[in-house]
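Protein chains: 2
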Amino acid sequence: MIFFNIDKNDKSAHIYQQIYHELKKSILAHKIPANEKLPSKRKLADTLRVSINSVTNAYEQLIEEGYIYTLERKGYFVENITQFNHRNNTENLQIPSDLKEKEIDREGWLSLSHMTADTSMFPFKEWIKSQNKAIKNHKDELSEISHPQGPYLVRKTIARMIALTRGVVCEPEQIVIGTGTQPLIRQLMQMQINNTKIAVENPGYSRIYSLLRNMKFDVSAVPLDKKGIQVEAIESINPQFLFITPSHQFPTGIIMPISRRIELLNWAALSQNRYIIEDDYDSEFKYGTDNIPSLQSLDRNQRVIYSGTFSKTLLPSLRISYIVLPPDLLRAYRCHYADWIQGSNSLSLFTLHYFIESGEYAKHMKRMNHHYEIKRKALINELQLRFKEDISIKDVPAGLHFLAQLKTTKGYKEIEAKAHLEKLEIYTLRRFMLGSELADTNIIKLVVGFARIENEEITEAVDRLYRIIT
Amino acid sequence: MIFFNIDKNDKSAHIYQQIYHELKKSILAHKIPANEKLPSKRKLADTLRVSINSVTNAYEQLIEEGYIYTLERKGYFVENITQFNHRNNTENLQIPSDLKEKEIDREGWLSLSHMTADTSMFPFKEWIKSQNKAIKNHKDELSEISHPQGPYLVRKTIARMIALTRGVVCEPEQIVIGTGTQPLIRQLMQMQINNTKIAVENPGYSRIYSLLRNMKFDVSAVPLDKKGIQVEAIESINPQFLFITPSHQFPTGIIMPISRRIELLNWAALSQNRYIIEDDYDSEFKYGTDNIPSLQSLDRNQRVIYSGTFSKTLLPSLRISYIVLPPDLLRAYRCHYADWIQGSNSLSLFTLHYFIESGEYAKHMKRMNHHYEIKRKALINELQLRFKEDISIKDVPAGLHFLAQLKTTKGYKEIEAKAHLEKLEIYTLRRFMLGSELADTNIIKLVVGFARIENEEITEAVDRLYRIIT
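Chains B and L are the protein sequences, given in the same order.
Last residue of the first sequence: number 720 in my numbering, and the count goes up by one each step with no gaps.
Last residue of the second sequence: number 720 in my numbering, and the count goes up by one each step with no gaps.
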């Protein structure tokens, strides 16, 4: 009845595993019929010339998985097991070729992407020191799921910091920590009813635009004038939510002047159903003058949802962002997400707490502001030297990117294809035109990021851009 | 016209900041009318007895924020700024008392929660070593947003590991890394149409049940028999998705036998629109025998979505989970989430890669299996000693919790209230009854977790439980 041998020299499987596999195979193939009695442990051990222990282990594993059962004082029996229908053969399990990923070879590429941060100066040593404090002081909390809004201590630290640096008026209770602006906005908007109207800036943040559209909201992309999003257009659309980037409009760089800010706040104050989402994605970087106070700091009617992130100031890979909710939205949020597990790694969150508390964050920000200011100037200089009167740069001394207009006879698609050949990562304004195409004129608009490029790579990057454009 | 003084001894604000604030206040209050010319920089400096530099800095900040403008060779002028309407006074900005968070005092509490991991033995030193390798080798990737499914290298390591430990058949392409089972299931289900039918186990994972119901799906909670979820019930409901925990049913602990597994796979194989989500949340912990192979390992028709997590094996606070998608769902996923940013901290993900690759993960698992086995035995012994014939424990040697039935005259709510007074964190089965109430009989069912409790706390925890129950 037992038709297999044990290979005692097989290093890949223990003897009990070999017995288990052979019996399992026979049972699944119905070679041993249901309810048939198996040999006793001693008998099988004798037949196979192995220890009883090995057979015991194999039988126990088979019992746990339901292949055999045991009756007291009667022995071991084969379970009655349904036959598999529809067994494809294993070759069909290969992944189809269209889903195969090609390895992206970044060798030799230079990047003028706006989506990065400079890690070359990131104080990993100080970060790890803060992490050690987090491990030492929060072991219990690390073994648990955190508060749905993130640990209170960390929210308290963030609240204190943004009060100082951004004038944001809030209590730690109002902060919801999450893994990015995108998921936080999704959380917030998922609480809204189906036909909610939302207005966003155009050009603007395309990921948020497509997120909101995928969520089936009624999203309008509102054009900008030189002060930012147009108020008359907002009034005629009459949205419940307005998503804007007042401190440094993405991607045009406009700093919204106080007059437009007050107009928007006045508009929002007219109804309890109007909210402004202020995405303050890179306002910590300001060159020449002080930072621009947040829109939220001017709000006296709790109409502004402030959204901040550590993706630009620390590392995008940490995935730490937060929103500050006005009380009525906070109440709804808590009710809606009582069961929700906060997604940010709380080891990183407690680390962030000590990193801020020890003053390392402020030091890092000062260093990076200086570093980025130099890189930014060098890149602008180099671009102006090379392109001369063919370039016009919107020189707003803020953030980690700027908008450049270049004269060229080439169209957007041609430029993008050529950038790929030249191994230069660069994004054109086309990507940020929401729901409308950008016509090819004799001007190309580029969103030029300078976080990732090294000082000594700037000349080469501008060389490549020159070859792409001309 | 200028009605303010500068306090040169004020350490809290630079002189230029004082000028900026005073002018801003006057402009916002319309004390200086629109388009009025401001004193020249030299004149204001003389009046205030400060340096020209201070005035220049103040004027520049005011220009950036849009309070004043400059006309070449004419000077500085006040902008025409809209007046604020509806200024609430600042006292109204206090957070309402119902939203205030009370500090949770865990002092003196003991925990028999199933939701934790034991951090006392977590090898933080080895984790940090792996983190150092991650920092050294992946600096560029840390400065960027990662692949929407997580870095390929990390997916490759996970694919290799689950092939070995769980028999999961997959390519790295099929893995989607996320911050937890909950958000990954949400991502997956968000792609489904509105009236999709889903069946879940009852009792079962309540967070997933409420998530799916909040998403407005047609969710049925299907009762269990001794082999797990009932097949006839599934056949009559005819769902598109089935969410199950075959390796260690949550919370009852049932290990689904091979016969039921094959029945479910056969059911799923009958249509291209049927999927089984296998939540393999704690299968790495198995005592006495080897691990139970995953359901996915038996599937030859690409009907099983495997879902795994490092929350139990490492730390819940790391927020690293993943799902393995069959090719057709993967294709849809990529199309749907092309714009989506992966939420897991990639510093932790690369750290995980080195932690697994160096063998530290396997070592840790071995150590924890042994550690948990001892704690589990000690807790069960202590419970049986104390409660004698009044306790019946479903002793499935797997996972990080077990189900205990206790004779008592008390009802569920009374028990839960008393547990709070006794400072014992414990969850009753009531929490996991989906869409149905658990009647008070003379039996209380408890889901007893043993990850968090220390060996030397066991006697005290059981003492407290005894006082709660009797």
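Please keep in mind that the hints were generated in silico from the structure rather than gathered at the bench.
Note that CB positions come from ideal geometry on N, CA and C, so glycine has one too.
It is possible that some hints are incorrect.
[Unchecked claim] Derived lysine to any residue pairs resembling SDA-like cross-links, with alpha carbons at most 20 Å apart:
#1 B:K477 / L:Q333
#2 L:K477 / B:Q333
#3 L:K275 / B:L548
#4 L:K466 / B:N444
#5 B:K274 / L:N335
#6 L:K291 / L:E310
#7 B:K275 / L:G417
#8 B:K616 / L:N541
#9 B:K644 / B:K616
#10 B:K466 / L:M441
#11 L:K350 / B:L403
#12 L:K477 / L:A413
#13 L:K644 / L:Y531
#14 B:K476 / L:K291
[Unchecked claim] A short list of chain L residues far from chain B (calculated; beta carbon distances all over 12 Å):
#15 K261
#16 E310
#17 Y326
#18 N330
#19 E394
#20 D468
#21 A483
#22 R550
#23 I591
#24 K613
#25 K627
#26 A628
#27 L679
#28 A689
#29 D713
Verify this label for me: A689 (chain L) is non-interface relative to chain B, using a Cβ-Cβ cutoff of 12 Å. Nearest chain B Cβ is 24 Å from A689 (chain L), so the label holds.
Find the nearest Cβ of chain B to the Cβ of K613 (chain L) and say whether that gap is larger than 12 Å. Its Cβ never comes within 12 Å of chain B, the nearest being 19 Å, so this holds.
Taking the closest pair, is the beta carbon of N330 (chain L) still more than 12 Å from chain B? violated (7 Å)
Quick one: work out the minimum CB distance from L679 (chain L) to chain B and report holds if it exceeds 12 Å, violated otherwise. holds (17 Å)
Can the restraint linking K274 (chain B) and N335 (chain L) be considered satisfied, given a maximum Cα separation of 20 Å? Not OK: K274 (chain B) and N335 (chain L) at ~78 Å, beyond 20 Å, violated.
Compare the distance between the alpha carbons of K477 (chain L) and A413 (chain L) with 20 Å, and conclude whether the hinted pair is satisfied. The hint is violated at about 25 Å.
Determine whether the non-interface label on K261 (chain L) survives the test: each CB of chain B must be over 12 Å from its CB. holds (15 Å)
With the threshold set at 20 Å, check whether the alpha-carbon distance from K466 (chain B) to M441 (chain L) stays at or below it. Within the cut-off at roughly 13 Å; holds.
A cut-off of 12 Å on Cβ-Cβ distance, and E394 (chain L) was said to be off the interface with chain B. Does that hold? violated (5 Å)
Please verify whether K616 (chain B) and N541 (chain L) have alpha carbons no more than 20 Å apart. violated (53 Å)
Holds or violated: K350 (chain L) with L403 (chain B), Cα cutoff 20 Å? holds (14 Å)
Measure nothing beyond the straight line between the CA atoms of K275 (chain B) and G417 (chain L); if it is 20 Å or shorter, mark the hint as holding. holds (15 Å)
Comparing the model with each earlier hint shows violations of hints 5, 8, 9, 12, 14, 16, 18, 19, 22, 23; every other hint is respected.
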